[in-house]
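J.: Next come the chains, spelled out residue by residue.
Number of protein chains: 2
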Amino acid sequence: MTEKKIPYKIYIEEHEMPKEWYNVRADMKNKPAPLLNPATHKPMTAEELGEVFCDELVKQEMDNDNRYIPIPKKIRDFYLMYRPAPLVRAYCLEEKLQTPAKIYYKFEGNNTSGSHKLNSAIAQAFYAKEQGLKGVTTETGAGQWGTALAMACAYLEMDCKVYMVKCSYEQKPFRREVMRTYGADVTPSPSMTTEVGKQILAEHPGTTGSLGCAISEAVEVSSKDPGYRYVLGSVLNQVMLHQSVIGMETKIAMDKYGIKPDIIIGCAGGGSNLGGLIAPFMGEMLRGEEEYKFIAVEPASCPTLTRGKFAYDYCDTGKVCPLAKMYTLGSGFIPSASHSGGLRYHGMSPALSQLYHDGYMEARAVEQTEVFKAATEFAKVEGILPAPESSHAIKVAIDEAMKCKETGEEKTILFGLTGTGYFDMVAYGKFNDGEMQDYIPTDDELQIGFNGLPDMSDIDE
Amino acid sequence: MTEKKIPYKIYIEEHEMPKEWYNVRADMKNKPAPLLNPATHKPMTAEELGEVFCDELVKQEMDNDNRYIPIPKKIRDFYLMYRPAPLVRAYCLEEKLQTPAKIYYKFEGNNTSGSHKLNSAIAQAFYAKEQGLKGVTTETGAGQWGTALAMACAYLEMDCKVYMVKCSYEQKPFRREVMRTYGADVTPSPSMTTEVGKQILAEHPGTTGSLGCAISEAVEVSSKDPGYRYVLGSVLNQVMLHQSVIGMETKIAMDKYGIKPDIIIGCAGGGSNLGGLIAPFMGEMLRGEEEYKFIAVEPASCPTLTRGKFAYDYCDTGKVCPLAKMYTLGSGFIPSASHSGGLRYHGMSPALSQLYHDGYMEARAVEQTEVFKAATEFAKVEGILPAPESSHAIKVAIDEAMKCKETGEEKTILFGLTGTGYFDMVAYGKFNDGEMQDYIPTDDELQIGFNGLPDMSDIDE
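Quick mapping for you: the protein sequence lines, in order, are chains A and B.
Mapping the first sequence onto this note's numbering, position 138 (from 1) lands on 163, and the numbers just tick up by one.
Mapping the second sequence onto this note's numbering, position 200 (from 1) lands on 225, and the numbers just tick up by one.
It is possible that part of the hints are untrue.
Where chains are identical, the list cannot tell them apart; a pair therefore holds if satisfied intra-copy or between any two copies.
Quick list of in silico lysine to aspartate or glutamate cross-link-like pairs, EDC-like style, CA-CA up to 16 Å [as the list claims (entries may be wrong)]: (1) K223 / E120; (2) K30 / D102; (3) K56 / D184; (4) K54 / D383; (5) K398 / E38; (6) K281 / E38; (7) K121 / E182; (8) K436 / E460; (9) K98 / E309; (10) K334 / D468; (11) K318 / E155.
None of these hints come from the bench; they were simulated from the model.
Produce the complete structure using the sequences and hints provided.
T.: Put into structure tokens, the structure is as follows:
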């Protein structure tokens with residue numbers, strides 16, 4: 026097949042869309058470590074997890090064996106509303122860079138939630154609905170996950186209670202209004218609607234909240250009403266599973282045109298996008314069928330993979346959720362006020378952490394000013410204003426393309442463009458005004474987070 | 026062809042994309058009236074227009090004869106960046122409404138400018154560049170047109186000077202930052218950078234500006250520097266021509282699947298979207314080949330077609346631009362502070378005005394609360410948060426679908442979904458809070474606008 030025939034945008038046909046999710050854990054020799062009960066340090070049982078997640082999601086969370094999980098028809102119908110997502114050949118960027126590299130990106134931002142989060146939101150809401158539940162609760166910081174969940178719940182006519190970190194609630198009123206337009210009940214956190222919220226407000230009357238506090242409120246509300254479950258937009262095995270639709274579609278599109286990527290790049294916060302994008306390619310590598318170079322890109326201000334520890338840790342700052350074995354900076358790590366939004370998480374998907382630990386993946390940390398520089402360059406030639414998170418992947422994709430320019434290699438580079446930056450213009454404004462600063466935590470600062478890791482000496486890791 | 030085979034989203038192939046724009050004026054028996062010099066009331070000559078627009082655009086503006094105008098390769102390359110736009114079968118909306126009607130919409134919002142404006146922005150910037158000009162100037166209110174022009178200029182590496190109405194500049198900082206990210210020079214209007222701006226600021230020190238004032242500043246800047254031309258995002262014949270790409274793509278997609286629309290609906294402000302969407306269908310009707318029902322939808326607060334006069338009028342409140350014969354509420358008409366953004370224009374494309382006058386098109390005025398109700402309903406089932414402008418078309422499409430439900434008719438309805446509402450969340454917020462009000466001007470209020478129409482008794486209309 027000649028290169029000429031590859032269009033700017035590859036849309037697979039609707040009948041070609043994946044009918045199954047791919048479960049990378051089935052092909053991993055070293056499985057991700059189980060979630061532990063934070064009180065007993067014993068593996069969480071299905072019953073215990075069932076108090077937090079609905080039953081089908083518990084099964085998916087614990088399933089390390091089944092390679093493929095069928096996507097229910099109702100979820101596939103919802104996917105048809107905004108998928109297939111285009112696989113874009115970045116001809117304009119290639120020309121601008123004058124690189125012999127061939128650059129592709131899977132664009133997940135062409136839906137109202139503005140990111141890939143919708144892929145798992147609809148799945149989690151669907152299984153809750155199937156179980157006869159009335160609704161779901163969650164927290165949101167930047168707001169992409171909350172918006173995605175609100176959209177999914179509107180479609181399924183379910184209740185959606187979102188605890189939004191108060192400073193975001195006030196600073197991002199548009200995100201809040203999108204959620205409300207989709208019928209979600211959005212509460213600024215901390216609030217007087219929960220015991221934990223009241224307690225925090227009594228202790229810190231002027232606080233503008235934190236993600237940890239919002240999680241605690243969302244979990245409390247779901248735990249007190251058997252008609253609700255708590256849902257989460259990243260980190261979990263089930264989320265990686267649902268997000269595999271990104272990679273599956275990408276692979277189908279590439280196979281149609283005989284394209285094989287040499288390098289696959291994704292930004293990494295909790296790992297939902299990266300895990301989804303690389304899933305089927307990683308599967309081929311784990312089965313020894315193909316070789317790929319995978320690169321996880323994280324902010325230098327929150328360097329989970331590049332400078333974190335591989336250890337059991339709390340998933341939330343409130344320490345109410347199960348313990349996960351993952352790369353972590355410690356649940357007490359406080360990232361600087363960077364603009365990488367969804368990437369400011371102290372931990373990382375246990376499955377991705379294991380793969381990274383076992384040497385299947387590289388990681389790179391990049392600073393935000395160079396990320397926004399790449400984002401602006403990309404926006405001008407490719408016509409899409411990328412989310413700051415996605416722009417981490419753009420930065421490294423450009424770096425790799427420039428290496429090809431030096432060496433003359435015609436490598437094929439694939440990266441994930443997870444979303445759009447329409448709600449991140451405050452950050453772009455700071456960059457445009459030259460007021461954006463970089464921040465790299467010192468070893469001493471990281472040590473504070475590590476000091477808060479739970480004592481796991483009672484278990485045999 | 027069975028209905029089953031029609032996908033949710035029809036994307037034509039890149040090689041099927043239009044290579045020509047369609048000029049509806051070529052098929053009109055009664056041509057739109059020429060633009061007149063506001064001082065002499067004589068038709069503007071090509072030379073006079075050449076002081077405002079670059080030469081190729083003057084030719085397009087005055088060309089009532091050539092049915093097809095080739096789209097230059099460079100513009101088609103740019104179109105490939107964000108086109109083809111999907112033609113969506115609104116299966117989910119149909120199911121929600123339980124209507125036998127088949128509803129389709131052409132979605133033009135999947136690009137960073139958030140609307141169809143990019144189709145003409147790249148064309149106008151391209152011809153200016155071809156003529157060796159350094160840049161273009163324009164005004165923007167809501168910001169969609171300014172954003173589109175900034176994107177086009179960034180791609181072509183041209184200067185872009187945008188005068189943004191000061192109140193929008195302050196209330197819509199995100200729009201401003203998107204333009205700046207694309208390298209545009211954005212100035213709040215009125216400003217001290219122009220004579221007219223200085224004069225207005227001296228007279229009204231605290232003013233937050235108006236579109237009329239911003240136009241005057243943009244025109245002044247371009248008139249003082251031969252390296253610049255002024256460009257406009259709607260109303261003009263050239264804009265209708267460029268926007269015909271919307272309808273051409275739609276028709277190609279429909280023809281592929283043997284779909285024939287019975288009713289074609291578009292929102293109408295200056296007419297750029299409506300004119301573009303209906304162009305090739307209107308051509309068939311004008312040539313007597315097919316019958317369609319065309320419906321222009323406008324806000325009841327700014328009822329240009331339904332309650333305006335068909336007369337020569339000023340295109341701008343500053344009265345510096347040529348006179349156009351069109352449906353108008355008078356250049357002095359001040360629409361209420363509604364949220365229909367781009368639809369708050371006192372006039373209408375001369376070509377569409379003539380077609381409406383000659384009975385080829387219907388018009389309907391709708392109130393904003395019912396528009397936002399339709400928008401919210403649409404967003405929940407179709408997953409796209411529509412722009413307020415576009416939602417006028419949604420409202421009437423739903424009305425027509427509900428009529429089909431009553432009569433049992435299986436009509437095919439096509440409407441234009443011009444853009445997304447991410448930058449309109451203040452309006453959605455007001456609607457969500459029940460604080461949105463409707464406003465219909467009284468006859469006396471409209472009379473004030475009509476009183477300001479120019480005295481044309483010297484010419485034989």
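J.: Failing hints, ascending?
T.: 1, 3, 5, 8, 9, 11
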